[in-house]
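If you read the protein sequences in the order shown, they are chains A and B. First residue of the first sequence: -2, per my numbering; consecutive thereafter. First residue of the second sequence: 126, per my numbering; consecutive thereafter.
Simulated from the structure, these hints should not be mistaken for lab results. Heads up, the beta-carbon is just placed ideally off N, CA and C, and yes, glycines get one too. It cannot be assumed that every hint is accurate.
[Claimed, not checked] Pulled from the structure, derived: some chain B residues nowhere near chain A, Cβ distances all over 12 Å:
#: 1; residue: I176
#: 2; residue: V189
#: 3; residue: R273
#: 4; residue: G282
#: 5; residue: E285
#: 6; residue: E317
[What the hints assert, rightly or not] Computed spacing ranges between beta-carbons, pair by pair:
#: 7; chain 1: B; residue 1: G223; chain 2: A; residue 2: P229; range: 53 to 59 Å
#: 8; chain 1: A; residue 1: D84; chain 2: B; residue 2: K295; range: 37 to 43 Å
#: 9; chain 1: A; residue 1: K180; chain 2: B; residue 2: E266; range: 23 to 29 Å
#: 10; chain 1: B; residue 1: S228; chain 2: A; residue 2: E76; range: 20 to 26 Å
#: 11; chain 1: B; residue 1: S228; chain 2: A; residue 2: W129; range: 32 to 38 Å
Here is how the chains run, residue by residue.
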Amino acid sequence: MTMTINMNRPTGCLSTALILLLGMLFSIPVSAQPVPSAAREDVGLSMAKLSQAEVASLLSKIEVTFLTTTSLGTAFEQEKKISFFDDTIRSTGALFFQSPDKVRMDTFTPFKTSAVANGPSAIQYEFVNGGWRSLDTATNGMLHAVMKNIISWLQGKFNDASLYQVTGARKDHGTWLTLTPKKSEYQKHIKYFELGINKAVNGLDSILIMLPDGDYTRYKFYNDRINVPLSPDLFDAKAPAPAALPPWLDPAQ
Amino acid sequence: MKPLNNTILALAVLIVASLSACVSGPVPLAPSLGPALSLDQTIYPERFRTIHRCTLSIKGRTMVFNGYLKVDRALNTIKCVAQTDMGATLFKYAYRAGDLTISYASPGFKPEWIEQFALRDATLVCLARSSATLSRGTVQERILNNARLTRYLVRRGDTEIYTATFTYSKAVGPGIPDTITIIDKSLDYRLEIRVMDFKCIPENDS
């Protein structure tokens, strides 16, 4: 076997790639394409596909909820499948949002970390040796662009319909939307995203991030609270350590 | 389980969290020759899989990611994938007895960096033998404490240019380091690895 490093591979920016992914996430065109059979096989699901009209209706319902959410907090469980691992890797954490431009993601297990974005500022905290350590990510200029995208999305502005093929399918306990990148350059990085919509079509049960090689990460959300007061300290991106979590999502409580 | 009432928001938050964990662009790195090892010190079983929480600082910029590795020391193989907290893959490679196959590298990671740094450090940590070669005028040393490797270093004269420090506790397993700190002074490079999970793999499962 020979080394297969391609020294002529185009270089770019990691954050740029993630921005592109973000752009993909923020753009949900509707198409009448069938549900990808490979997608269903990957996660072991067999569902009846939605028509184009049903998908459009579903997206419309989801969009209506955007403007009604000013804050939220939710716990999550992450499942990760790596092709050469026999077992599923699990972690737990929580997500928080405060309109218009504050977000925070904490991981509780198997390690503790907290990422906070507040307007143009962002910071990552890591819990090491019994204490919190802040990492220098303050110069991440891309984050501001991300925040603008989030705000735009929250305002229901889906102005780029060129990136995704969106399909839908229904099973007894819910509905799935599958967002498949249209462009081959994106398909190299993400095979598809799958959003698990609850049976009442008013919320999300899960997010599946499927990679081209079959590895995937799935988030399952639970114990969420919508439009509840959240302390501003929760999103302080300049503090030496992340603020304490609300008791209802603090695993230490 | 009660569902989250905003699909888009959740996705956005996940992406933002990932972004905030990453450096904002490719870090300029000069080519560097790493150490060549012929370590006979065994700190791991023959076959194992492990999960590393990695904090990488280069020239004052920091990123965190997770490394998932499956190792067969007898066959001299490593399979490795590095991902962000969100689940985006940074790079993925397979190494077998001197041959490296990179199956994926995100736009932020040059494949040569994977060879020069990620593989160099993984082979040192997991195989106790490095994929890199010593540069001229350097020597390597191992420091043992109670028959355990606690420090590996490469010196040029009196100057330590590359060090790996292994610390142990009972958290991971007997004889298994729970933290490995690698410093390459020529690049202002510091990689702290915390071992989050470690499992031996039976021979018939490898």
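- Checking against the hints above, which ones are violated? Structure breaks hints 1, 2, 6, 8, 9.
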